[in-house]
Structures are given as C-alpha cells and as structure tokens.
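In case you want the letters, here they are:
2 protein chains.
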Amino acid sequence: MNKGLLIVVSAPSGCGKGTMLKEILKDNRYYYSVSDTTREPRPNEIDGIHYNFLSKEKFQSKIDQDGMLEYAEYCENYYGTPKKPVEENLNLGKHVILEIEVQGAMRVKQVRPDAKFIFIAPPSIEELERRLLKRDTETMEVIQERVSKAKIELTYSNQYDYIIVNDELKKAIKDFKSIVRACELEVR
Amino acid sequence: MNKGLLIVVSAPSGCGKGTMLKEILKDNRYYYSVSDTTREPRPNEIDGIHYNFLSKEKFQSKIDQDGMLEYAEYCENYYGTPKKPVEENLNLGKHVILEIEVQGAMRVKQVRPDAKFIFIAPPSIEELERRLLKRDTETMEVIQERVSKAKIELTYSNQYDYIIVNDELKKAIKDFKSIVRACELEVR
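Sequence order for the protein chains is L and W.
Under our numbering, the first sequence is numbered contiguously, ending at residue 188.
Under our numbering, the second sequence is numbered contiguously, ending at residue 1188.
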C-alpha cells in the first residue's frame, strides 16, 4: 500500500476553509490532525476534537522526545502538531491534513518538504472583508485586525505548492480534490 | 492572462491514449501539437492533421533557424515538434499537448523542464497484450513487437511527473483533467 499524503492547508480567517475541510473530511481516506496545546480549553471545546489539551510538563516532554512535528509558543502557551498520529495515519495510507497558520506551515516545510502545501485564498481582500462583516459575529475592530492579518498571510501564499481561490465553495472543493488526485498520480 | 501549460503525453501502443486525447481535445482550452516529418504521407494521412509533411530542405532549414523544440532522425527521415505553434498557443493561454514517444519526451525535458510529463500506462503487460489481440488488426509478430516495446517504454515512466493507469477510460480522463487542474493551481 502507498503511504498517504501529508497535506498542509492554510487560509486567512473568512476564506471558507472550515466549510471546505468539513466537506472533504467526509471522505474517510483523510485524517485530520488534531493539534496539541497547553492553553485552557474554552467552554465549547472538546479534548481530542478541537485540540489535545496537555499540561506544560507533558508538552515539554513530547518536545524532548522528538514527539512534535512542529510547535511554537504563543501568549505563554505551546501549540504544536504531534508526530505520532501523523506518521501512523500516513503509514495506513491515509491523507493527513494539517490545518495550520502560515508560520506553522513554514515550520512543517523545513522538516517535511515532501508535504503538499495548499493555500486557500479569498477572491479579494474586499470580498474577505464583506464575508467577515456578513458573519456579524465580531466587532469592527476584530474584523479590521483579521483583514490586516490576511494581507500578511497572503504574502506567504507563494511559498505554498498550490493556491485555491475560494470564490465558489463547490468549485474550491473540486479543486482541492483535483490537487490531491494529481498528487496521488505523481511519480514519487 | 496566464500562459498555458506544456503537457507531454506518452504511452505504449494499446494504452488507449488516442481515445483519451480525443475526448480531452473536445475542450478548446487545449491545442494539439502536430509534428513535422519528412516522410511520405500514407494514403489516409492529411497534411496539417496527422503530420505537417515537409521536404528535407525545409525541415533542415527549420532546424538551422532554431525552429524545432525537439527532433530526431528515424529510418532516414526527420520527425520533430515545431516550436512556433507551441509557443504561440501557450501565449494564448492554451494548454499545448505534445503526444510523443519516450525518447522525444526526454528530449523535450532537456529544453523544457517546466513542461508537465504524463505517462499513460496499461494496468499490466498482460492486459496490454489482451487489448492488442482484441483489436485484431495486427499480426502476432507485430503484437509481440509492441509488447516488447511497451516493456522498454514502461522503464521510462518514472522519468515522468505523473503516471495514469488506464484501467477504465472515464477514470483515466478524469485523472488527466485533475492533473491539469492541479497544475493550473500550482504556484509558478
């Protein structure tokens, strides 16, 4: 059996990445990598689903034992991708999806340049802003912050292997599947 | 406008490449590159469709003027890919398909490593033999020759970017389209 593909997906907030991945993950040839973190779970968060919530000691010992594919410290908490479930699922022939922000993706690229890096982009910054406004769940300040962050993230998009412009959800999902199929057919 | 993709397609005889390409070329985003040759046209062959039939002098002058993307001599005749229509159609944003045998593909790779190289393979040598026998248009000797040639050609398949196993025509065409779509989405 062929090993699965390691697929790194990044997108600015508001690009529809969540909806896309939800659709794609219905196919059980995919495995979604759950990140480890040392931060406290929020009320709606479930351990093992949203994150694996670990103590700082446990996280540190995983780092020491080379158990993290990548990790970073942010606001005095650790966030990272545990190596074991990734490797196990790749060996089972599953395509492992790492949903990760651009900095994390760049760290993965250092250690796993063979991974496939997919960036999901909004049709335009204006459209992204419209979408965030439409959600109506955040303050103007938060939206402006996200838009600024998106602009920075977009400058990293050329470090990825593929860019999908999520103009229309169905088309974007089809594009994602085309990329994965092409990667399956690639001479490795 | 983005430039089109240069797509090199090779396949042993009996892999269904002809039927596949016929289907794909219905989409007018593709341009099929017609080869130049100095050999005599066969009764059913049309100039500009099957080949561009040129005199040896004309072919030689195209070589001298750097007008050939690749060429070779075979049985005292020249065969080659004219550069001009390829470049013109790429500039128009069309995907240019070069249907070419493995040696020619390797020559293209030398000068255009950015091209996408797709190898179409039979599910197995046994299946290839069955298909050639089923056609019932050739002698056993010719079939054996083709099977031997296919075995050699298959050893080149790992020099290509992608391998499509043509087990089922519809699936193979879908795979081809997935590859092209993925290449369109590639960060160039």
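Derived by calculation from the structure, the hints in this document are not laboratory data.
Treat the hints loosely; a few may be bogus.
[Claimed, not checked] Keeping only pairs whose Cα atoms sit at most 30 Å apart, straight-line, the calculated DSS-like set for lysine-lysine is:
1. L:LYS171 - W:LYS1171
2. W:LYS1003 - L:LYS177
3. L:LYS177 - W:LYS1084
4. L:LYS3 - W:LYS1151
5. W:LYS1171 - L:LYS22
6. W:LYS1177 - W:LYS1084
7. W:LYS1134 - W:LYS1084
8. W:LYS1062 - W:LYS1174
9. L:LYS62 - L:LYS94
10. L:LYS22 - L:LYS116
11. W:LYS1084 - L:LYS109
12. W:LYS1026 - L:LYS3
Problem set entry | Broken hints, by number | Of the numbered hints, 3, 7, 8, 11, 12 do not hold.
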